[in-house]
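Peer 1: Below are the chains, spelled out letter by letter.
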Amino acid sequence: MARILINVPPKAKRGDVIEIKTLISHDMESGYRPDNVGKTIPRDIISLFVATYNGAEIFRAELHPAIAANPFLSFTTIATESGRIDFKWTGDNEFLATETALIAVE
Amino acid sequence: MTRDAHSPTRRGFLDITARFAGGLGLLLTVAPGAGRATPASMQSAMKKIVGEATLAKGKVKLELPPLVENGNSVTMVVSVESPMTIEDHVKSIHVLNEKNPQPNVIGVHLGPRAGRATVSTRIRLADSQKIIAIAEMSDGSFWSDEAEVVVTLAACVEVL
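The listed protein sequences correspond, in order, to chains A and B. Start counting the first sequence at 1; every next residue gets the next number (this note's numbering). Start counting the second sequence at 1001; every next residue gets the next number (this note's numbering).
Okay, chain A solo, but in the shape it has when bound (with noise of 0.2 angstroms):
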């Protein structure tokens, strides 16, 4: 399992506009490498991540292997209700995992 990293406020007042942060480790093979024998390692990377809000999709973001190991990101929403935000990561591989922060909103 890829260990996460989640960085969202637990509490905002509504309308406020919040900074999330996330951060996932991978390696992002970029399919470009050369092993020690000289065969090329296959890519693996995660190609998709998508936050939703209370369900409704608030961010997305295709990464292709131009994106750095471990990926991170960092973007905005506007705190509307309390709830949580679903933060999922999808690549080669089957690759998947997902991750869920609370907030309250006041």
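Just so you know, these hints were derived from the structure itself, not from any lab. Take these hints with a grain of salt, some might be off.
If you only want the chain A side, here are some residues facing chain B, beta carbon under 8 angstroms, derived [as the list claims (entries may be wrong)]:
id : residue
1  : A12
2  : R14
3  : A61
4  : E62
5  : A66
6  : F72
7  : S74
Quick caveat: nothing in here was measured; it's all calculated off a predicted structure. Note that CB positions come from ideal geometry on N, CA and C, so glycine has one too.
Starting from the known structure of chain A, arrange chain B on it as the hints suggest.
Peer 2: Same frame as chain A, but now just chain B:
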């Protein structure tokens, strides 16, 4: 062959060689970038995003360090000037490069719920090159910004 007669010419010769070598070195450091160019693939990737619409400069701010020591992880911040309302917001941001094996770097999709159009991530750079960020607005217009980055240690090619 006395010492007095010989040394001036020798000194002169060394001086000329040194100057020449220095000049050559300077030329070599200025020249690279011509080979391995794939701006064509970047252009076609750009076409795919923009289509027939015109790409204007402005509104987008692409922040990258001008000099990078390690191309394996380069912090990049893209922000777009937009009120981010339902009527007027940024729909997507695409980042393209010139000299990595593939032209695409990242494509993000946002909406009015983002509040601000600012995205940050870490990217790989295989060579010193030009990076371009393109933002698609809700009214169908496209805006862009470019950044030149010099990379000392390239990503992708080295063996672990």
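Peer 1: All the hints need checking, so say for each whether the structure fits it.
Peer 2: Hint check results:
1. A12: violated (11 angstroms)
2. R14: Since the shortest Cβ distance to chain B is 12 angstroms, the answer is violated.
3. A61: Given a least distance of 4 angstroms, the restraint on A61(A) holds.
4. E62: Since the shortest Cβ distance to chain B is 4 angstroms, the answer is holds.
5. A66: Holds: closest Cβ of chain B sits about 4 angstroms from A66(A), inside 8 angstroms.
6. F72: holds (5 angstroms)
7. S74: Since chain B brings a Cβ to about 4 angstroms from S74(A), closer than 8 angstroms, the hint holds.
Against the hints set out earlier in the document, violations occur for numbers 1 and 2.
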